[in-house]
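Enquirer: Listed here are the chains, written in short residue letters.
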Amino acid sequence: MSVYDQQATRKPPISQIGAILWLRTNLFSSWINTVLTATSLYFLYLMIPPLLDWMFFNASFSFGTINFFGFDIKFSEEMATNSNCGRVGACWPYIYEKLYMYTYGFYPRTETWRPNIVFGLTALLFVIIPLVKNYKYKNRVILSLIVIYPIVSYVLISGGFGLLPVVETHLWGGLLLTLVIASVGIIVSFPIGVVLALGRQSELRVIKLFSTLFIEFVRAVPLITILFMASFVLPLFLEPGNNSVDKLLRALIGIALFQAAYFAEVVRGGLQAIPRGQYEAADAIGLSYFQKNALIVLPQALKISIPNIVGSSISLFKDTTLVLIIGLLDMLAMVGLTTADPYWLGRETEGYVFVTIVMWVMLYSMSRYSRKLELRFNTENTN
Amino acid sequence: MSTDKSKTNKTNIIEISKLNKWYGDFHALKNIDLEVKEGEIIVVCGPSGSGKSTLIRCVNFLEKFQEGTVVVSGTELTDDAQKIRKIRSEVAMVFQHFNLFPHLTIVDNLTLAPIWVHNETKQEAREKALKLLDRVGIRDQAEKYPNQLSGGQQQRVAIARSLCTSPKIMLFDEPTSALDPEMISEVLDVMVELAKEGITMICVTHEMGFAKKVANRIIFMDEGQIVEENDPDKFFNNAESNRLKMFLSQILTH
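From first to last, the protein sequence lines stand for chains A and B. So for the first sequence, the numbering used here puts the first residue at 1; every next one is plus one. So for the second sequence, the numbering used here puts the first residue at 384; every next one is plus one.
Derived by calculation from the structure, the hints in this document are not laboratory data. Note that the structure is predicted; figures quoted are calculated from it, not measured. The beta carbon of each residue, even a glycine, is placed where N, CA and C say it ideally should be. Be careful, since some hints might not be right.
Unchecked claim - Simulated pairs of lysine-lysine, BS3-like, Cα-Cα distance not exceeding 27 angstroms: (1) B:Lys511 - A:Lys136; (2) B:Lys420 - B:Lys527; (3) B:Lys469 - A:Lys136; (4) B:Lys393 - B:Lys579; (5) B:Lys527 - A:Lys292; (6) A:Lys292 - B:Lys617; (7) B:Lys551 - A:Lys292; (8) B:Lys628 - B:Lys393; (9) A:Lys138 - A:Lys372; (10) B:Lys401 - A:Lys292; (11) B:Lys447 - A:Lys292; (12) B:Lys401 - A:Lys372; (13) B:Lys420 - A:Lys138; (14) B:Lys401 - B:Lys413; (15) B:Lys514 - A:Lys136; (16) A:Lys303 - B:Lys505.
To be verified - Some chain A residues close to chain B (C-beta under 10 angstroms, calculated; not the full set): (17) Asp5; (18) Ile32; (19) Thr34; (20) Ala59; (21) Ala282; (22) Leu287; (23) Pro299; (24) Phe317; (25) Lys318.
As the list claims (entries may be wrong) - Covered, in the sense of this in silico footprint (three residues per stretch, anywhere, with C-beta under 8 angstroms from a C-beta of chain A), are these stretches of chain B: (26) 396–408; (27) 484–495.
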């Protein structure tokens, strides 16, 4: 028989840490990796310097004098025109000149404070949600924000109700329109998607059949088709012979229904991850179908689905650019519109690069933000 | 024995007759007849796949059955959602894998049914929940989440949760099978305490020590039918059927 001494606990050995090791393990671990690394570096060498030349070194930043929150910042004597910008580099004064169009479209200049408040509210919403995490009534706060925010935004942007002058939807454009379509699409389609997901799991045959048919039909059709249908076919049903149903509203209905089908599948994935035992326990303590889903199943399923919900939302955000096909002037459509201006002919490249950068910044922050949110609200697996 | 006494002056709280259930073609329960008196403690044992879990899951209608009748405290089980909810508010169940709600704190797990099914105020539900947690010895964990507790603690929470609605009947579906050996006794202690208080209990379990100590009757099931049913003394010492003798010899040798 043997008796062993108690072993002391030690820190793990300090192995080879450092930049060289990182390079060796990640970029040059085998000859294939080395070749890939070299090829990638070569392509970066081919692409990055010309891009930087175009964007910065050969570009024109002659904005004239810009008033920035009361401070005059002088870039040059006069703002550059299309012709004295040259063709070697980007002509950023074009973007500056058309920034209003890219942001608001044809929204009346006297009323811009209204969309500005909405932009501010949106930013505020993103700041508030993570802050209320430990607040006792966080669910109530978040829920009421989600209800109040769209109503306030709608009243501000659209006007009417005897409060503000009406701004008709055909004047909305640019980033404003992109945000309106994306947020309305996401907010409206989400509850529909949840209902469809539950419907697809329902024991009632008719509901199950309807949900399945709807989801599978919509998912098998491109968004463009749905936008065309919403734009040209929907009016036939709504008001035959009358084309007055708002064009934006028609597009929104189409997009919301389209996105609902995708959300439904995402949520269904979450529902399937909930163990049977949870349903049985909820049944056994006597909860009704509605209570079981609202209190037990959905909170868990939605939490699991957050990454996919965000992914799907980002897809939708990008897909909103397709509305230019039915004549809505979102941010991307502004490229064509503003370069049709005889003063700024041929500046499409600047326009597309600008829209790309704005989209990337928004969507990348959205994805980082949701990751943060997910970690913050993940309570059940912490030890 | 005491069983005879209780049989004469108490009414039946559960009456199962000619119960048959199939999963597809598989005949899971065959002509089950069982009557349970108020306050009786019944232990159901048998090899796995013998239908014992299915049987008690028919009592609160977690499993539907094709033939026969089940009457629980005067209400016959049918597809009627109202009736099922009424019965479920009187019959509580404890599961093998606890099935606590992982997104809710311990105390919220307990107050859910009282608040949403029995319309109690948050305040009274919470007070009662804390009392019950005290009784099962984990009041200091009330604000934690289920995954932060050990298996034995989780099962005790599950028992407290099922007691929260003051049920008349408790169903236990192998409550200790998923537990590490050193945690089994803490759960059994709680169950013994409950048994002393006169609540009607049906326990599917292989804890024969527990059966000997508290059961009024032990039922042995095999292949979907009740093979033998007796008071603990006769059950362990005078088994009649060969199937039971074999089962006992297998589980009692270790």
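Enquirer: For this structure, which hints from the list above don't hold up?
Expert: 2, 3, 6, 8, 10, 12, 13, 17, 18, 19, 20, 24, 25, 26
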